[in-house]
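Here the protein sequences come in this chain order: P and E.
Under the working numbering, the first residue of the first sequence carries the number 89, and numbering increases by one thereafter.
Under the working numbering, the first residue of the second sequence carries the number 89, and numbering increases by one thereafter.
Hints listed in this document are in silico derivations from the structure and should not be mistaken for laboratory results.
Backbone N, C-alpha and C fix where the C-beta goes; we use that ideal spot for every residue, glycine too.
Please note that the accuracy of each hint is not assured.
Claimed, not checked - Simulated coverage check for chain E against chain P, where a stretch passes if three residues somewhere in it have a Cβ under 8 Å from a Cβ of chain P:
1. 306 to 313
2. 376 to 384
3. 420 to 426
4. 482 to 490
5. 497 to 504
Claimed, not checked - FRET-style restraints, in silico, Cβ to Cβ:
6. E:G400 - P:G200: 42 to 50 Å
7. E:D126 - P:R198: 30 to 38 Å
8. P:D264 - E:V185: 56 to 64 Å
2 protein chains.
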Amino acid sequence: MCQHARMASSTHALPAHIRSQALERLRRLVAIPSVAADGRGISEAAVLVAELLREDGFTVEQLETAGAPVVYGERLVPGAPTVLLYHHYDVQPEDPVAAWHSPPFELSERDGALYGRGAADDKGELVSRLAALQLYRERHGELPLGVKVLVEGEEEIGSPNLAPFVHANAERLAADVALWEFGAVDGAGRPMTYCGMKGILTVELHVRTARQDLHSGYGVVVEDAAYRLAAAIASLRDARGNVTIDGFRDGIVPPSVAELALVDALPDEAEALREAFGLRGFLAGLEGAAWRRALFFEPTLNVNGFHAGYGGAGAKTVLPAEAIAKLDFRLVPDQDPWAVLERLREHLARSDFDDVEVRVLQHAERAARSDVGHPYVKEALAALRDVYGMEPTLHPNSPGSGPIHPFVVGLGLSVVGIGCGYPGSGIHAPDEHLRLVDFERGTVAVTRFLERLSGR
Amino acid sequence: MCQHARMASSTHALPAHIRSQALERLRRLVAIPSVAADGRGISEAAVLVAELLREDGFTVEQLETAGAPVVYGERLVPGAPTVLLYHHYDVQPEDPVAAWHSPPFELSERDGALYGRGAADDKGELVSRLAALQLYRERHGELPLGVKVLVEGEEEIGSPNLAPFVHANAERLAADVALWEFGAVDGAGRPMTYCGMKGILTVELHVRTARQDLHSGYGVVVEDAAYRLAAAIASLRDARGNVTIDGFRDGIVPPSVAELALVDALPDEAEALREAFGLRGFLAGLEGAAWRRALFFEPTLNVNGFHAGYGGAGAKTVLPAEAIAKLDFRLVPDQDPWAVLERLREHLARSDFDDVEVRVLQHAERAARSDVGHPYVKEALAALRDVYGMEPTLHPNSPGSGPIHPFVVGLGLSVVGIGCGYPGSGIHAPDEHLRLVDFERGTVAVTRFLERLSGR
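Extracted from the complex, chain P is given alone in its bound form (with noise of 0.2 Å):
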């Protein structure tokens, strides 16, 4: 421990032109809104983040897909280990806008963090793996590793490219670790990695029962939108998170002997997690264990938002004639997302919610867990025990969901990541950011991680 504590101090710090480099790469990022639910700005950020790679000494092409551009890059070593790294160049919404205490595209530093969107999910990511790669060839020269760098613009709306993307292109995309696209501390500011990523699918639910709003007199014999798309979700699921659909825990695979003892096994995070996020309390007698192997294994249904009639100042004595609502089901292997789908809309139609309409929003991904037991996983927790002088955790999947079942199913490859994350940093909410402690530490553990994939 205080070998490695001494290193931290030395060795393993940023040199500051790598550092300040690399935050002007992000602020350019972040000055674009890439934003893949909408399409803003997102040819611009392929052209920039093809540009960064390129000034990096990366053969650099721009794929099309049916979608967004993927931007990929390759400098390649016969003979010697791949590495692939998977980043994405599009970020969430910002909205709601007015809850930042900056503008959401503009990088702004205080307090010892840069605040923007996508400064941690995931340009900041992409910045700091560039910069790690930087560090390595100043320490020790050329990356004795081949290196391809995939980084496409369509994550935050559930990758529906990405798939037949990878398949097509499985050849020139073949690797032996994938490098995934983010990594974190952890609340107590302990490393970690992970192996896999929970699988997903997002719809849309809608019910129109009258041609427009009505006076809410007739509320006694005419059906109310509001209210029927209150009660079909509140069909769907329990108030601990049980999703309540007949079917849809089909295909479930039980996490392996070894995957439980790693979760059993992590420190407990729920009261820092309760406080960084400001939280009334966790989903019905969830703590401890339990609530660790929910997280991690469990799939759930979430509203990610519902709107329907009035939202002004005051009463408004009015009948919703439509009611919309945003969900996700947080799905786990070998859960199939389609097979979700239509085991919701039989819900519907068995439970008397036939007029709820159901529309597939773009998400559709399929969980993975990669080996947590992998040679690669092994100098991936070396790497952030030398960094960070303590003991990583490893997690077999983050509770995120993520494109990664073509990398690890699709292509084969072992799957870990490092990164600069944590608990706190508001990804895919207002305030997103980076603390410049955890993106110092982050790139230098990467660029360890290479050192020891190099025999160094």
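Here the structure of chain P is known, so what remains is to put chain E in place on it, guided by the hints.
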């Protein structure tokens, strides 16, 4: 029938100069956005109403309340019966503005109707009553009845200050019959009158689960404000509209044999309403007399609005930290709105929804029904029969709510409604309008009522 039809085409027309003056007055009134919910244009509308009453020979006072002023005008005839006219100069919010086909605060004539917020409810009815008084005067000279006109400015937010005002001014407001703020023809064009109103309680439900919106990957362990509120609302009523709160029905006085007989004998309006409103259907299984008994005599709970989380394009995988819904309870005699509020709070606490905060909005009115057999009611029916040339219907109460309790119970008045509405007029909704044919007929019918009361 033939005789009446002939009368409608001759003595029952509204002279052009009265009509054009009334519509000019309506144009000026609609141009003022007197939205009680946010207070816009309230004083300006009160001033204009006072000006119109003065022009028509009333002694006018603007009487202060704890909220918006009451405009009060009187023309007394000592020894003669007195008619009290109840109206309001405030309107519902114009939201959703995008759904209007002409600006809400600009009276716009098309297809034989006048569009604008308040064109029907209640500015159109007010100018109709004044036109009816003018028509009487042109036909017969001064009306040999006392007339008192009370125009308040808070009806659309539940008249929070009217009951104490009426109580404090009981002597000044003493009258023999109250001509209520509106009347209508039904879907088949039959005129109707009514003797009461439902009661109401409006509340806002509010849930906060975290300091800010979170990444929805945490939703498997953290509460989702939108789901919590949907589940809470679903627990308050069933699909048929029955409120499932313990004690909600306390105090309900069943309708009298005469009231039930009236409603059972009413023509079936369900199909006409379904067509006018483009309804998907009615609350489970309701039809025929059961449909009518529910409409007139049953209380319910409506969701007027529900807003939480993301509402933009595409998906945003966020866990909303906050959710707000606006609800109205429609009440029947003798439910006490404040007791209903207590039962609601108890229900939420008992159902494990103690995180759902209840805020009372302004509406809290008791229902009341005056005697359906009163002589003034018979005169109103006769007046409608005379002018429309067909048999009118008598409703024990309107399905809507209004501040009728202080007049019926406090002042002991008999109430009747004669006016210019029809079921498709879109009151409280976009494209609110007044059909010119209804305006003309409704105005003349009020004149005929005054003629009958004065023995002509």
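For each hint, the structure was consulted:
1. 306 to 313: holds (count 7)
2. 376 to 384: holds (count 3)
3. 420 to 426: violated (count 0)
4. 482 to 490: Held - the region 482 to 490 of chain E has 4 residues with a Cβ nearer than 8 Å to chain P, which meets the minimum of three.
5. 497 to 504: violated (count 0)
6. E:G400 - P:G200: 42 to 50 Å: Given about 31 Å between the Cβ atoms, the range is violated.
7. E:D126 - P:R198: 30 to 38 Å: 36 Å, holds
8. P:D264 - E:V185: 56 to 64 Å: Taking Cβ atoms as reference, D264 of chain P and V185 of chain E lie about 58 Å apart, which means the hint holds.
The structure fails to meet hints 3, 5, 6 from the earlier list, while all remaining hints are met.
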